[in-house]
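Visitor: Residue-level listing of the chains:
There are 2 protein chains.
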Amino acid sequence: MENNINFKDYITKMAQAARIASLELANFSTAEKNKCLKAIAKAIEANKDSIKAANNLDIKKAKEDGLSSAMIDRLTLTDKRIQGMVENFEQVATLDDPVGDIIKSWERPNGLKISKIRVPIGVIGIIFESRPNVTCEAVSLCLKSGNAVILRGGKEALNSNVILAKIISQTIGEQKFPYKSVQMIDNINREIVNEFLKLNDYIDLIIPRGGESLIRAVVQNSTIPVIKHYKGVCHTYIDENADYQTAENIVINAKTQRPGVCNALETLLIHEKSAGAMLPELIKALKSKGVEIRGCEKTKAIVNDINSATKEDWSAEYLELILAVKVVKNIDEAIKHINTYGSKHSDAIVTNNNHNAAKFMQRVDASAVFVNASTRFNDGGEFGFGAEIGISTDKLHARGPMALEELTTYKYLVKGEGQIRS
Amino acid sequence: MENNINFKDYITKMAQAARIASLELANFSTAEKNKCLKAIAKAIEANKDSIKAANNLDIKKAKEDGLSSAMIDRLTLTDKRIQGMVENFEQVATLDDPVGDIIKSWERPNGLKISKIRVPIGVIGIIFESRPNVTCEAVSLCLKSGNAVILRGGKEALNSNVILAKIISQTIGEQKFPYKSVQMIDNINREIVNEFLKLNDYIDLIIPRGGESLIRAVVQNSTIPVIKHYKGVCHTYIDENADYQTAENIVINAKTQRPGVCNALETLLIHEKSAGAMLPELIKALKSKGVEIRGCEKTKAIVNDINSATKEDWSAEYLELILAVKVVKNIDEAIKHINTYGSKHSDAIVTNNNHNAAKFMQRVDASAVFVNASTRFNDGGEFGFGAEIGISTDKLHARGPMALEELTTYKYLVKGEGQIRS
Chain A
4 MENNINFKDY
14 ITKMAQAARI
24 ASLELANFST
34 AEKNKCLKAI
44 AKAIEANKDS
54 IKAANNLDIK
64 KAKEDGLSSA
74 MIDRLTLTDK
84 RIQGMVENFE
94 QVATLDDPVG
104 DIIKSWERPN
114 GLKISKIRVP
124 IGVIGIIFES
134 RPNVTCEAVS
144 LCLKSGNAVI
154 LRGGKEALNS
164 NVILAKIISQ
174 TIGEQKFPYK
184 SVQMIDNINR
194 EIVNEFLKLN
204 DYIDLIIPRG
214 GESLIRAVVQ
224 NSTIPVIKHY
234 KGVCHTYIDE
244 NADYQTAENI
254 VINAKTQRPG
264 VCNALETLLI
274 HEKSAGAMLP
284 ELIKALKSKG
294 VEIRGCEKTK
304 AIVNDINSAT
314 KEDWSAEYLE
324 LILAVKVVKN
334 IDEAIKHINT
344 YGSKHSDAIV
354 TNNNHNAAKF
364 MQRVDASAVF
374 VNASTRFNDG
384 GEFGFGAEIG
394 ISTDKLHARG
404 PMALEELTTY
414 KYLVKGEGQI
424 RS
Chain B
4 MENNINFKDY
14 ITKMAQAARI
24 ASLELANFST
34 AEKNKCLKAI
44 AKAIEANKDS
54 IKAANNLDIK
64 KAKEDGLSSA
74 MIDRLTLTDK
84 RIQGMVENFE
94 QVATLDDPVG
104 DIIKSWERPN
114 GLKISKIRVP
124 IGVIGIIFES
134 RPNVTCEAVS
144 LCLKSGNAVI
154 LRGGKEALNS
164 NVILAKIISQ
174 TIGEQKFPYK
184 SVQMIDNINR
194 EIVNEFLKLN
204 DYIDLIIPRG
214 GESLIRAVVQ
224 NSTIPVIKHY
234 KGVCHTYIDE
244 NADYQTAENI
254 VINAKTQRPG
264 VCNALETLLI
274 HEKSAGAMLP
284 ELIKALKSKG
294 VEIRGCEKTK
304 AIVNDINSAT
314 KEDWSAEYLE
324 LILAVKVVKN
334 IDEAIKHINT
344 YGSKHSDAIV
354 TNNNHNAAKF
364 MQRVDASAVF
374 VNASTRFNDG
384 GEFGFGAEIG
394 ISTDKLHARG
404 PMALEELTTY
414 KYLVKGEGQI
424 RS
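Residue numbers (our numbering), protein chains in the order written: chain A, 4 to 425; chain B, 4 to 425.
Think of the hints as simulated: they come from the structure by calculation, not from any bench.
Any given hint could be a false lead.
Said to hold, decoys possible - Here are the computed lysine to any residue pairs in the SDA-like style, where the Cα-Cα straight-line distance is at most 25 Å: (1) Lys83/A / Lys201/A; (2) Lys51/B / Lys158/B; (3) Lys234/A / Lys51/A; (4) Lys116/B / Glu243/A; (5) Lys418/B / Asp335/A; (6) Lys51/B / Asn162/B; (7) Lys287/B / Ala319/B; (8) Lys418/B / Arg219/A; (9) Lys314/A / Gln19/B; (10) Lys234/A / Gly103/A; (11) Lys41/A / Glu385/A; (12) Lys64/B / Lys158/B; (13) Lys51/A / Asp76/A; (14) Lys41/B / Ile62/B; (15) Lys107/B / Gly103/A; (16) Lys201/B / Arg219/A; (17) Lys11/A / Tyr413/B; (18) Lys16/A / Glu315/B; (19) Lys119/A / Tyr233/B; (20) Lys362/A / Asn342/B; (21) Lys201/A / Asn113/B; (22) Lys119/A / Asp382/B; (23) Lys83/B / Arg212/B.
All figures in this text were calculated on a predicted structure; none of them were measured in a lab.
Whole structure, please, built from the sequences with the hints as guidance.
Guide: Pasting the structure below:
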């Protein structure tokens with residue numbers, strides 16, 4: 004691309020083309036969309052070698068730039084990961100299509116027949132960081148739900164993303180789908196993102212996927228609605244008289260099964276009447292799994308050799324083997340703590356008391372509230388949605404796992420026989 | 004208020020208090036909320052004289068400031084308008100409460116029982132212009148749906164809004180509701196609004212109500228999700244072989260019954276095979292109602308003595324007795340015109356052809372699409388929702404009439420028996 008390009012022009016043209024494509028795309032049948040998704044799967048498989056060659060350019064650049072081995076690992080497309088992309092397209096083709104669903108319908112006293120129908124949102128912008136497989140996840144779900152998509156990946160994965168987008172575009176063209184249904188921003192200049200985020204006349208939704216700083220920057224600059232995942236400061240509260248083994252199983256699972264993800268446990272709360280009997284054994288079990296404990300004063304009075312929690316720990320999303328622990332007077336203090344320091348993501352209670360379970364579910368303000376289960380279940384796959392484009396910590400439109408249904412909106416169809424308003 | 008106040012402090016404290024109030028408010032029963040709404044109705048009736056006295060201060064100021072008589076009219080609280088506020092609270096008390104509704108529930112193969120439950124959104128900010136009765140409409144719907152609300156009205160209505168908020172706050176306190184569930188920003192400095200719009204840690208949703216420039220300014224500055232109504236560029240398309248009388252009734256109704264509202268007709272499209280026979284009579288009927296016609300070249304070739312439409316007319320929201328008229332080749336051109344120049348609000352087709360009706364409903368991208376009915380029916384009351392806080396031209400969360408259900412979100416409740424993720 005030329006240096007003297009007008010970024011605003013470049014991205015505005017893409018957005019206008021996406022809007023026009025979206026109006027066509029909305030009319031394709033489920034069978035046509037599934038056929039197209041399967042064709043994309045085949046095309047990715049057939050072009051595995053060119054994908055790997057492009058990916059190698061990204062890896063080479065990343066090494067030259069001294070990126071961390073963790074970053075390079077996230078960037079690398081192995082045969083297995085490419086196979087994962089192929090399977091992703093095949094699997095999304097098997098999911099139910101929400102478009103066209105009648106949410107409700109009714110008749111008014113004046114004879115007007117009203118239906119509320121699920122339709123695609125229109126044009127979705129996805130801004131993401133280094134993993135190139137996000138391209139495939141986003142494209143598969145957007146196409147299946149009838150939405151045009153404009154993608155902007157991280158600069159580290161530019162070559163990988165561009166070739167994936169090229170293979171996808173070519174395939175959807177061959178399938179007689181609107182060619183501009185999928186577009187990749189192939190220029191990494193940041194100014195383009197700022198212009199992109201102002202195009203609310205053509206783009207209906209922005210979904211940023213990445214770290215909190217990326218997301219805050221998007222929210223700060225966007226005039227387009229944004230659905231986002233800020234962070235997962237997830238709690239488990241062990242109630243009075245909870246079963247110890249259930250509590251240990253859930254806490255160990257939520258903290259250690261995959262500590263780097265958003266629905267992992269970050270703060271353990273425990274009723275003061277359970278703390279004395281349970282904390283020594285529970286903390287021993289956690290430590291044996293390599294978990295660093297940061298306890299409140301009361302925790303430290305019960306268990307030796309642990310670090311002190313500071314106020315910052317109560318709102319920390321560690322994403323590693325660290326756990327903040329706080330002894331609370333009762334369920335009310337637990338709920339208040341969660342609603343004060345949590346991130347409205349996933350919170351659990353371990354209890355044998357139905358009244359307390361109900362109170363916790365009613366009063367905790369989170370996308371998913373668990374009773375006697377691990378917070379790790381807050382996930383589109385685990386909920387049975389078949390896929391997810393992310394987990395929303397917002398309250399509007401989509402909350403929690405965001406799958407195909409959350410990629411649709413609705414419109415009202417009103418049929419009359421000449422009715423006018425008096 | 005002191006001049007040296009720290010605006011950020013002032014509004015942050017309000018928002019934090021609203022967040023805490025919202026967590027309590029979410030737990031009140033429908034019966035308690037209805038009792039509170041009825042008590043507010045009584046309190047407004049009982050304080051009619053003080054409301055009118057405060058309103059007189061606003062009117063006096065408005066006259067001194069040389070506001071237009073239309074503005075002063077909008078500002079004025081007559082006995083009838085105060086009675087309207089009283090009835091508004093009484094009526095919202097009779098509506099169904101969406102909070103607690105089970106949207107769906109299912110069980111997973113691992114035994115987890117998941118329910119998706121309707122809950123209040125949390126804290127809603129309403130920014131509105133001069134009509135003080137918006138205070139009552141917003142408060143009644145927010146309270147009924149269990150949401151705390153922070154209001155910021157226009158400076159012209161400050162005294163009226165402050166006294167209304169005071170009466171409401173006092174009543175909700177007496178009813179043992181959280182006192183900070185309803186708060187009015189009583190300082191008109193614009194800096195406060197800018198700080199307000201950044202408080203996404205405490206406020207879940209902003210609803211601006213007013214002219215397009217107010218709304219664009221809110222969208223530009225807000226880090227909080229905004230649901231908004233930009234404008235209503237509504238179309239009626241008269242198809243080939245449409246019934247003339249049905250078409251005339253609908254067009255006259257949509258254009259003239261209340262031209263100043265968002266669902267009024269702004270552009271008429273007509274099939275070229277209907278134009279010759281229908282336009283002379285239809286335009287005559289429109290002119291007899293005082294409507295100025297701005298026609299395309301083909302329209303002008305059929306009917307004399309009308310103004311020419313310019314490109315600006317195709318996207319104009321006149322809100323007065325002006326109508327743009329365009330002859331189109333066929334339904335496809337009509338749909339394309341609407342999707343290009345419309346505002347995704349309300350669009351209608353007049354037709355006898357079921358195939359064309361279906362095509363129009365499928366392809367027009369608007370919150371409500373009408374077949375053989377006036378666009379004026381796109382309204383919460385006319386849809387049977389009992390009330391509305393506005394009509395959304397957004398596609399996310401709420402599209403079209405926004406009533407109690409649209410003032411809720413959901414959370415997932417997940418009940419297990421010790422399940423952990425493997």
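Visitor: None of the hints should be skipped; say for each whether it holds.
Guide: Hint-by-hint comparison with the structure:
At roughly 38 Å between alpha-carbon atoms, lysine 83/A and lysine 201/A are farther apart than 25 Å, so this suggested pair is violated. Among the hinted pairs, lysine 51/B with lysine 158/B is consistent with the structure: their alpha-carbon atoms are about 21 Å apart, no more than 25 Å. Taking the CA atoms of lysine 234/A and lysine 51/A, the gap is about 34 Å. The hint is violated against a cut of 25 Å. Among the hinted pairs, lysine 116/B with glutamate 243/A is consistent with the structure: their alpha-carbon atoms are about 23 Å apart, no more than 25 Å.
As the CA atoms of lysine 418/B and aspartate 335/A are separated by approximately 20 Å, the hinted pair is consistent with the 25 Å bound. With a C-alpha separation of about 14 Å, the suggested pair lysine 51/B and asparagine 162/B falls inside the 25 Å cut-off, and the hint holds. The hinted pair formed by lysine 287/B and alanine 319/B meets the criterion: a straight-line CA distance of about 22 Å does not exceed 25 Å. For a cut-off of 25 Å, the pair hint linking lysine 418/B to arginine 219/A is broken: about 33 Å separates their Cα positions.
A threshold of 25 Å between alpha carbons decides the hint, and for lysine 314/A with glutamine 19/B the separation of about 18 Å falls inside it, so the pair holds. In summary, the hint linking lysine 234/A to glycine 103/A is not supported, as the alpha carbons are separated by about 33 Å, beyond the 25 Å threshold. Of the pairs offered as hints, the one joining lysine 41/A and glutamate 385/A holds, with about 24 Å between alpha carbons and a cut-off of 25 Å not exceeded. A C-alpha spacing of about 10 Å is found between lysine 64/B and lysine 158/B, which places the hinted pair at or below 25 Å, so the restraint holds.
Using a Cα cut-off of 25 Å, the hinted pair lysine 51/A and aspartate 76/A holds, with the two alpha carbons roughly 18 Å apart. For the hint linking lysine 41/B to isoleucine 62/B, the alpha-carbon distance of about 28 Å lies beyond 25 Å, and the restraint is violated. Proposed proximity of lysine 107/B and glycine 103/A is supported: the alpha carbons are some 19 Å apart, at most 25 Å. The suggested pairing of lysine 201/B with arginine 219/A holds, with an alpha-carbon distance near 12 Å, which does not exceed 25 Å.
Our distance criterion of 25 Å between C-alpha atoms is broken by lysine 11/A and tyrosine 413/B, whose separation comes to about 38 Å. Pair hint lysine 16/A plus glutamate 315/B holds up; C-alpha atoms about 21 Å apart against a cutoff of 25 Å. A threshold of 25 Å between alpha carbons decides the hint, and for lysine 119/A with tyrosine 233/B the separation of about 22 Å falls inside it, so the pair holds. For a cut-off of 25 Å, the pair hint linking lysine 362/A to asparagine 342/B is broken: about 48 Å separates their Cα positions.
For the hint linking lysine 201/A to asparagine 113/B, the alpha-carbon distance of about 45 Å lies beyond 25 Å, and the restraint is violated. Of the pairs offered as hints, the one joining lysine 119/A and aspartate 382/B holds, with about 14 Å between alpha carbons and a cut-off of 25 Å not exceeded. For the proposed pair lysine 83/B and arginine 212/B, the alpha carbon gap of about 23 Å is at most 25 Å, so the pair holds.
The structure does not agree with the numbered hints 1, 3, 8, 10, 14, 17, 20 and 21 stated previously, though it agrees with the rest.
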